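Enquirer: Sequence:
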Amino acid sequence: MEAWTLLFGVALMLGVATLLGAIAARLRQSPILGYLLTGVVLGPAGLNILGPGQGLEALAELGVALLLFLIGLDFSLFQLRRFGPIGLWGGMLQVTATFLVTAWLAWLIGTGLRTALAIAAIVPLSSTAVVIQELANRAKLDSQHGRNTVAVQLFQDLAVIPLVLLVAALGKPSPPMSIAAQFALSFAVTLAFAVGLLAVVRYVVAPLLTGSHLLRYRDFPILVAITTVVLTAWVARELGVSPILGSFLAGVLLAETPFAEQLRADLMPFRAAFVTVFFGSVGLLLQSIGLGHLGPIVLLAVGLVVLKATVASLVFVVLKRPLDEALRSGLCLAQIGEFSFVLASVATRTQLLAPELFQSFLMASIITLALTPWLVALAGRLPGSSQILELQPPENITAQSPEAIIVGLGPAGQAVCCALRERGVRVSMIELNLRTVERFQNEFPILLGDARQASILQAAGLASAKVLVVTLPDPATCVQIIEVARRLAPSVRILARARYHIYAPQLVAAGADLLANEEDLVGQELAELAIRELGAGPASV
Numbered sequence: 023m024e025a026w027t028l029l030f031g032v033a034l035m036l037g038v039a040t041l042l043g044a045i046a047a048r049l050r051q052s053p054i055l056g057y058l059l060t061g062v063v064l065g066p067a068g069l070n071i072l073g074p075g076q077g078l079e080a081l082a083e084l085g086v087a088l089l090l091f092l093i094g095l096d097f098s099l100f101q102l103r104r105f106g107p108i109g110l111w112g113g114m115l116q117v118t119a120t121f122l123v124t125a126w127l128a129w130l131i132g133t134g135l136r137t138a139l140a141i142a143a144i145v146p147l148s149s150t151a152v153v154i155q156e157l158a159n160r161a162k163l164d165s166q167h168g169r170n171t172v173a174v175q176l177f178q179d180l181a182v183i184p185l186v187l188l189v190a191a192l193g194k195p196s197p198p199m200s201i202a203a204q205f206a207l208s209f210a211v212t213l214a215f216a217v218g219l220l221a222v223v224r225y226v227v228a229p230l231l232t233g234s235h236l237l238r239y240r241d242f243p244i245l246v247a248i249t250t251v252v253l254t255a256w257v258a259r260e261l262g263v264s265p266i267l268g269s270f271l272a273g274v275l276l277a278e279t280p281f282a283e284q285l286r287a288d289l290m291p292f293r294a295a296f297v298t299v300f301f302g303s304v305g306l307l308l309q310s311i312g313l314g315h316l317g318p319i320v321l322l323a324v325g326l327v328v329l330k331a332t333v334a335s336l337v338f339v340v341l342k343r344p345l346d347e348a349l350r351s352g353l354c355l356a357q358i359g360e361f362s363f364v365l366a367s368v369a370t371r372t373q374l375l376a377p378e379l380f381q382s383f384l385m386a387s388i389i390t391l392a393l394t395p396w397l398v399a400l401a402g403r404l405p406g407s408s409q410i411l412e413l414q415p416p417e418n419i420t421a422q423s424p425e426a427i428i429v430g431l432g433p434a435g436q437a438v439c440c441a442l443r444e445r446g447v448r449v450s451m452i453e454l455n456l457r458t459v460e461r462f463q464n465e466f467p468i469l470l471g472d473a474r475q476a477s478i479l480q481a482a483g484l485a486s487a488k489v490l491v492v493t494l495p496d497p498a499t500c501v502q503i504i505e506v507a508r509r510l511a512p513s514v515r516i517l518a519r520a521r522y523h524i525y526a527p528q529l530v531a532a533g534a535d536l537l538a539n540e541e542d543l544v545g546q547e548l549a550e551l552a553i554r555e556l557g558a559g560p561a562s563v
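Under our numbering, the first residue of the sequence shown carries the number 23, and numbering increases by one thereafter.
Keep in mind the hints are simulated off the structure, nothing from the lab. Quick caveat, the model's predicted, so the values are computed rather than measured. You can trust all of the hints, since none of them are fake.
Distance ranges between label pairs, derived from CB positions:
| hint | residue 1 | residue 2 | range |
| --- | --- | --- | --- |
| 1 | N159 | N464 | 33 to 39 Å |
| 2 | S423 | E541 | 34 to 40 Å |
| 3 | N159 | E547 | 49 to 55 Å |
| 4 | E541 | W111 | 58 to 64 Å |
| 5 | R509 | L127 | 48 to 54 Å |
| 6 | A210 | A399 | 42 to 48 Å |
| 7 | I71 | P291 | 26 to 32 Å |
For glycine and all other residues, C-beta sits at the position ideal for the given N, C-alpha and C.
Just need the whole structure built from these sequences, with the hints factored in.
Expert: Right under this line is the structure:
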C-alpha cells in the first residue's frame, strides 16, 4: 500500500500544481508560485494531506537532483564570457557584496557567527527560472538590463559551488578558526571529484552518445543523461560531497559538450515535472504560521527585496552603468532563488538555522517570488535612455543572428552554405550526425541537434532568420521540421528538398514556400548531358 500511497501523493501534487499554476498564470504570476502554493496547500500548513512519512522525501530528493542537473546543463562558460565584464565582475561583486552585507546585518541582530555566515550564503542567489520567464514574457531578455540580469545569474549559478561547500563546512562541529580549513578540504575533494567526473564525461558518456544513433533511437541519450546524473549524485554522496552539487556539476560539464543543446531539447518535456516536484516539496516544508507572525514575515520579505535590489544596483553603478539601467537590473535580481531553498534546507538539517527562522525565511522567500512579476514590470517602466533595446550580438558568433538556417550538412547543405557565405550571407547550420559536425565544425557555424524540435531551431537563430533551407532527403522528417518552423516563425521563407513529385504536396501543405524537386533537377541535368554528348548545342530546358 505504501507504493500506491506514494503514487497517489505524486498524482495529487501534479494535479493541484497544474490547477494552481494555471491560476497563477491567469493572475499574471509565475506558475512556479502556484507550484510552491501546491505544497503549502497540501502540506502541514494547509490541508495536511501530504507531509513527512508519505514517502515523498526520496522523490523530492530525486527531483532536486534532476532539476539542478538541468540548471547546470543550461549553464555555459562560453555564454558567461560572451557577456564580458558584466558577467564576471558584476556577478562576483553582487554575490560578494550581498554576502558581506547580509552577514554583517545578521551578526548585528544577535545571530552567531556560523548562522550569520549561513544566512549570508543563502541570500545572494536569485531565481533564474522565474526572472528569465518574466523577462521573456515582456520581450526584455535582449534589453540591456535583461542582459545584465542574465549575466549576473549565470555567475550566481557558478557561485553555488563554493556556497554549498561553505554551508556544509559551517554545519560540521569544529572550532571557528577551522571553518576555513574545513572549507578548503571540501573544496579540494570537490575539485578532485569534478576532475574525475570530467574524465567520465569525456571518455565514457561522450562515446556512448557518439554511438547512440540519435536520429533513430532518441530515448538512448535521455537514458544516458539520467543515469549519469543519478549515479553522479550517488557517488558524490559516498565521497562526502553534496549530492545536489554532484548533480549540478554533471550538468555543467555536459553543457560544454557538443551534445548539450540536443540533451536540453530531449529533457525539456521532463523539466515541468522536475520543477513541480521541487517547488512543491519546498512548499511542503512550510508549517502553520499564526497571524501574529505575518507582520514580521512581510517586513522580512520587503527587507530582503530592498537589500538585494540596492546592493545589485550599486554594483552596476560601480561598473559605470547608467543609473536607470542599474536600478532596472537591481529590481530584476531582488528575489530569493531556487538554490537558496536548497541551501536553507541544508543549513536547517545541520542546525545552523533554527526551525522557526527557517519557516520565516521560507515564507518571506515565497513572498519575494510573488513580487517578482511586479518588480520586473516596474523595471521595464522606469524612464531613461537605456529603455531602448541594445542588441549587440557577440563577435564571431554568426549563429546568434543568421539570415539563413540550413538543416542538414550533406553535400546539398554544404553547397547551399558555401554559395550563401560567398555572397556574405550570415548562415547557421543544424546537423544531427556527430561525426559530420566534428568534421566541419571549423568550417561552418554548426549546431548539433534535431531540427524537428522547437528549442533546436530557436537556438540556431530562427527568430532572426529570413530563410530556412531544409536539405534532408527524408520527406517525413522534412515535413515535421517545416511544421515546427512555420509554427515558430510564420514569416520565415522555407525552402525544402523534394526527392519525388509525390511528396511535393505534403511539403507545401506543411508550410514550404519553395521546393527543389529532385526529379525535375535530375531531368534537366540529364538533358544537358545528352545534348552536350550529341553536340546539339546548349539545352533550353
